[in-house]
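Trainee: Now for the letters of each chain:
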Amino acid sequence: MNQPEITSNSPEETQEFGARLGELAEASDVFLLVGKLGAGKTCLTQGIARGLGIKEYAASPSFVVVRELYGRLPLYHMDFYRLENLAEIADLGLDDYFYGRGVSVVEWAEKGISLLPPEHLLIEMSYVSDTGRRLKLKAGGKRYRQLVAKLK
Amino acid sequence: MMLLAIDTSTDSASLALVQDGRTLAEATWRCGQNHSVELLPRLTRLLQEARAELQSVSCILVAKGPGSFNGLRVGLSTAKGLAFSLDIPIIGVSSLELEARQHAENDLPICPIFNARRGDIATALYQKRGNKWQQLVPEHITTVEALDSEITEKTLFCGEYVPIIADELKKKLKDKAVIAPDKPRRASLMAELAKERLEAEDYDNPATLQPLYLRHPAITQRRHR
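For the record, the sequence lines run as chains A and B. Just so you know, we're using our numbering here: the first sequence kicks off at 3 and counts up by one. Just so you know, we're using our numbering here: the second sequence kicks off at 5 and counts up by one.
Hints in this document: simulated from the structure, not taken from any laboratory. Just so you know, not all the hints are guaranteed correct.
Some chain A residues close to chain B (C-beta under 7 Å, calculated; not the full set) [unchecked claim]:
1) Asp93
2) Gly95
3) Tyr101
4) Glu112
Built from N, CA and C at the ideal position, the CB exists for glycine as well.
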């Protein structure tokens, strides 16, 4: 499978990429972010929020699990970091968000991948240096293959 | 006896105050996913319109699902909170039955459909036979594809998801599919559905009344963390 990679040299570049993703996003899009602490997941989400025309600061939702922000489309910013097990995630009934009118971005998605929609864009973020990051894009489904093609 | 009926099962929400079979006030609106924000202010307005006090409500009827996870949770927790604080009983009513009941003047079997997401639908089958309202098939999760084998005669399809899948239904079921006129789901009809239970004082236990989600994700839990 074609797996495009993007290298970002700074948090600004990561946000810039996020903004382009936000501009291209459509209702019911699901972006899953995977990567260690500090890999830039929240930073990328801030870019996506900007691309969606959201003025509000996209703070990490680690403690509240889900934050809703409103721009051209609603952004449902979720974070599974604090969740202990699949049952806890299943219990949240997040399908209302995933299949709703907004764009869902899930940080620490690996904690609940089996409960997340099979159609999604998975973004794996890893360190290449202090400020440099590699972003691997994995498109699950036609919509996301088209989206990735537009990002290039 | 004044009843308060609450339905937050889908994007369409409804509240009603019904006294001795008469609707005193009712509000049915497109709520989207905003149930938690809009429900209680609407209730306050409804009480004002009906010139009624919350303290005169003697039983709460609540649509218990299937439907939206968060919508149902908002409806049930509001219903339970009110029942607890007013010290009055509660009765849960199937949301699909409430949907079907909006079309009860029709003689055909009535098939309400909700979007269960992930390509699935939640459905059941009801019909008024003679003067008796009956459930022919209980609530379950299926697909539009599989309805072909479940629907054996001319049937009326209703629910806010039906216009979206109307073409597919007609293609699959041909003449058997009759599409109901779009009618928002009104909570006041819960009073009719709960009539027998109210008369028998057959109430639900507020501590154990659960939303009818139908869908439980296939998950296995780790034994140790």
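Trainee: Identify every previously stated hint that the structure contradicts and give their numbers, smallest first.
Mentor: Numbers 1, 4, in rising order.
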